[in-house]
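Since the structure of chain R is provided, determine the placement of chain E with the ligand on it from the hints.
Chain residues, written in single-letter form:
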Amino acid sequence: MNSKKVYYCEDSLEGIFSAVYDAWSDRNGHANNKICIISGEDLGDMELFTEYIYVKNSEEKIGKVMKAIYNKISEEAYELVCGASCSCDITRGDAIYRFLIIGFSMGSGVVDCLYDKNVMKIFELNRNVSNEAHHFKGFLRFQELKEGILFAKIAPKNDIVRLLAPHFSDRLSQENFIIYDESRNTAIIHRMADQWFYTNADLLDLEKIKEMTEKEQNIDNLWKAFFNSVSIKERENKGLQRNNLPLRFRGNMPEFR
Amino acid sequence: MSIIIQEDMTVQKKLEVLSDAAKYDVACTSSGVDRSGGGSSGIGNSVACGICHTFSADGRCISLLKILMTNECIFDCKYCFNRASNDVLRATFTPEEICSLTIEFYRRNYIEGLFLSSGVLKTPDHTMELMCKTLRMLREVYQFNGYIHCKAVPGADPVLVEMTGWYADRMSVNLELPTADSLRMLAPNKTRKNILRPMKQIQIGRIENKGKAAFNRLPFIEEESALVLPDNYKNNIAAPASVLQDVQDIIAADSIKSSFGVIKAPSINRGFVPAGQSTQMIIGATPESDYQIMSVAEALYQKFDLKRVFYSAYISINEDNSLPAVNQGPPLLREHRLYQADWLLRFYGFQAAELLSESRPNFNVLMDPKCNWAIGHLEQFPVEVNKADYYTLLRVPGIGVKSAQRIVKARKTAILSFEDLKKMGVVLKRAIYFITCAGRMMYPVKIEENYITSMLLRVKEKLPFDMDASTAYKQLSLFDDMNFTAANAQIGSFL
Ligand code: SF4
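Taken in sequence, the protein lines are chains R and E. Quick note on full-length UniProt numbering: the first sequence kicks off at 1 and runs consecutively. Quick note on full-length UniProt numbering: the second sequence kicks off at 1 and runs consecutively.
Since the hints were derived computationally from the structure, they do not count as laboratory data. Treat the hints with care, as some may be off.
[Unchecked claim] Mimicking SDA-like on lysine to any residue, the simulated pairs with C-alpha atoms at most 20 Å apart in a straight line are: (1) R/Lys117 <-> E/Val459; (2) R/Lys215 <-> E/Glu97; (3) R/Lys61 <-> R/Glu14; (4) R/Lys34 <-> R/Tyr54; (5) R/Lys121 <-> E/Val427; (6) E/Lys446 <-> E/Phe418; (7) E/Lys462 <-> R/Glu236; (8) E/Lys13 <-> R/Ser229; (9) E/Lys122 <-> E/Pro95; (10) E/Lys429 <-> E/Arg440; (11) R/Lys117 <-> E/Val427; (12) E/Lys387 <-> E/Met441; (13) E/Lys409 <-> R/Asn118; (14) E/Lys423 <-> R/Arg127; (15) E/Lys422 <-> E/Cys437; (16) R/Lys121 <-> E/Ser417; (17) R/Lys117 <-> E/Val408; (18) E/Lys460 <-> E/Gly400; (19) R/Lys224 <-> E/Ile103; (20) R/Lys238 <-> E/Cys52; (21) R/Lys4 <-> R/Tyr21; (22) E/Lys412 <-> R/Phe123; (23) R/Lys153 <-> R/Ala201; (24) R/Lys5 <-> R/Ile37; (25) E/Lys423 <-> E/Lys446; (26) R/Lys146 <-> E/Glu104; (27) R/Lys117 <-> R/Asn32.
Excised from the complex, chain R in its bound form (with noise of 0.2 Å):
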């Protein structure tokens, strides 16, 4: 009997197509494998028969995998993955593999096998991912800083600021504007009239924010006040505000400050 693997690997789009390839090329048998993803301390338990393995990544891994999937699937599929990997499940890496082994096993019908349950958790993680993205799209707020540059923080569950950032960029185009992941420490930066970019947050003087001019004062107050006349007092309802807006969001809006 084989025995069982696990393939840790780091949290990324890459680390987990670094672990695919290495978890497919052993020929160990798809069952007994599994990816996990390194995140934090906690490894989870250990367990006896285990073969516990560090995947390293390798851009040559990652290419052959991503070729694979492109060529031996379809772009669909490519995306999906994509998502997915986006998504704060942390089963997620496990999760790709498993859809993978069904998708090269049958082409680029896998994205119709809705009734199979690895294909349908794909689905979910992306639906996750793009719901939350789209939550954001709405919820979260940019703050003028003295220098005109507009400055927003988030702490979203999935990985998103770059899914925010084409949104934001075609609507701002011609504003500077910053959008900061304050759990995973990094930001969106856009230029005006330039292209955006992806960044680790290190860079960032977070003291600025602290300081609000006397015009951001005075339109913070503005919304505030439109904010609660334009709600219906006859017919309030908190409970149905927290299912469309829970609480969770609402750190960074100042109209729940």
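Leaving out everything else, chain E with the ligand in the frame of chain R:
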């Protein structure tokens, strides 16, 4: 007329007064048009699916800066807070104030755009002109490329309506009340004709803007509209005479064929009312039945190509002999049932006359309209999930648009089982009485009306407010003058 005007009102005070006055308008969506940003200049884009930016304490989505241009109004609609005969604080925005509020809110991602309505200041023409000027300034001076919804003022010159239509994404003319009689009673300064005429004008403008001849045309079906029905579902209004009376003026307005303004686009041409038009009517202020209301909505969808009809549960603001005294709060559950039925008209291929009839003119408050319909048509069930066409699947309780689409897709590669359906989002608790998978029902169930009704009533329904169906039902039973007694007697036997 009593008008209290405060000199030197701050923008914040104006905003408070004029958003408070606009809050009863329910049509606050930003959907219907996809437009990317200006690229090298300007601000803003538009997303067809719509984006909610926040939710107010009443649980409703806020996506637009929803304000009135002014609440100084010469009209005296009985249900309205701003009617001329009320003593309320009056304010009027300048176009510049509206533009800078819109831009500053938009930059901070508070809003998707502007929703501009208005009371009638001096004359309908004067008001429409002010609104048009505001939109034009926002588009041309501030280069705003985001979403704008603008009201057309009933009675305004068609040329002004036309000009405004080139700057707005969506326009709406409120029907206000379901029938012409009710309108006469509660909104004496408005006429059905003044409302339907701009509606028709906007429809014709949209057709011509797409390069199609608006005249000599058969009922117009848009390519992009969500519902393209197969032929056997297409039908004209097949309502009995009593209901036909209610929609008579709508059908008559359909024959308005004269050209209106000067069809000429401004320099930056975004199209003429590209996101289409909507309307709104107040529910529960007047005695129309659900059947009358749905028939009116259906006629509006068919004859005016409206994108949405909104229903607004009547809220008692003014005391007046001609208004019902509603102490129980707005009839929210009834409003909810109407929205569900509206959904069935637009996306499920239902007709009003299938859902309701003269002998059963109101929806069953305890059950959603689709379940209610299915129970009345058990002879059409069960249907085989692996074979039934898309529109037949849509008629099964527990199967929605998404799950029907998934079923049609997934059954290409496999024969579906109940377990599969569950994974695809079908609500089996509702669906099992109406479907077979590979020829078998999930459990051997009696296909019998009373039995299935009582089973379906046990499935808890998610309602958008903090009340369960039974308390809401108590609330509704107070509307005796609206024929709910009859409906309730029927329901009573299932309790
Ligand atoms: S026209 Fe009628 S509904 Fe509109 S603001 Fe004036 S009174 Fe109110």
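Structure-based check of each hint:
For a cut-off of 20 Å, the pair hint linking R/Lys117 to E/Val459 is broken: about 26 Å separates their Cα positions. Taking the CA atoms of R/Lys215 and E/Glu97, the gap is near 15 Å; set against the 20 Å cutoff, the hint holds. Using a Cα cut-off of 20 Å, the hinted pair R/Lys61 and R/Glu14 holds, with the two alpha carbons roughly 9 Å apart. At most 20 Å may separate the alpha-carbon atoms for a hinted pair to count; R/Lys34 and R/Tyr54 meet this at roughly 12 Å.
A hinted pair counts as satisfied when its Cα atoms are at most 20 Å apart, and R/Lys121 with E/Val427 qualifies at roughly 19 Å. Proposed proximity of E/Lys446 and E/Phe418 is supported: the alpha carbons are some 18 Å apart, at most 20 Å. At most 20 Å may separate the alpha-carbon atoms for a hinted pair to count; E/Lys462 and R/Glu236 meet this at roughly 18 Å. The suggested pairing of E/Lys13 with R/Ser229 holds, with an alpha-carbon distance near 11 Å, which does not exceed 20 Å.
Our distance criterion of 20 Å between C-alpha atoms is met by E/Lys122 and E/Pro95, whose separation comes to about 17 Å. Straight-line distance between C-alpha atoms of E/Lys429 and E/Arg440 comes to about 16 Å, which keeps the hinted pair within the 20 Å bound. Between the alpha carbons of R/Lys117 and E/Val427 the distance comes to roughly 17 Å, so the proposed pair stays at or under 20 Å and holds. Between E/Lys387 and E/Met441 the CA atoms are separated by roughly 14 Å; this keeps the pair inside 20 Å, and the hint holds.
The suggested pairing of E/Lys409 with R/Asn118 holds, with an alpha-carbon distance near 17 Å, which does not exceed 20 Å. Taken as a hint, the E/Lys423 and R/Arg127 pair is honoured in the structure, with Cα atoms around 14 Å apart against an allowance of 20 Å. About 12 Å separates the Cα atoms of E/Lys422 and E/Cys437, which keeps this hinted pair within 20 Å; it holds. With a C-alpha separation of about 18 Å, the suggested pair R/Lys121 and E/Ser417 falls inside the 20 Å cut-off, and the hint holds.
At roughly 18 Å between alpha-carbon atoms, R/Lys117 and E/Val408 fall within 20 Å of each other, so this suggested pair holds. Between the alpha carbons of E/Lys460 and E/Gly400 the distance comes to roughly 17 Å, so the proposed pair stays at or under 20 Å and holds. Restraint check for R/Lys224 and E/Ile103: the C-alpha separation of about 16 Å stays at or below 20 Å, so the hint holds. Between R/Lys238 and E/Cys52 the CA atoms are separated by roughly 17 Å; this keeps the pair inside 20 Å, and the hint holds.
With a C-alpha separation of about 17 Å, the suggested pairing of R/Lys4 with R/Tyr21 holds against the 20 Å cut-off. Between the alpha carbons of E/Lys412 and R/Phe123 the distance comes to roughly 18 Å, so the proposed pair stays at or under 20 Å and holds. In summary, the hint linking R/Lys153 to R/Ala201 is supported, as the alpha carbons are separated by about 11 Å, within the 20 Å threshold. For the hint linking R/Lys5 to R/Ile37, the alpha-carbon distance of about 14 Å falls within 20 Å, and the restraint holds.
Among the hinted pairs, E/Lys423 with E/Lys446 is inconsistent with the structure: their alpha-carbon atoms are about 25 Å apart, more than 20 Å. For the hint pairing R/Lys146 with E/Glu104, the CA-to-CA distance comes to about 15 Å; that is within 20 Å, so the pair holds. For the given pair, R/Lys117 sits about 18 Å from R/Asn32 by alpha-carbon distance, which is consistent with the 20 Å threshold.
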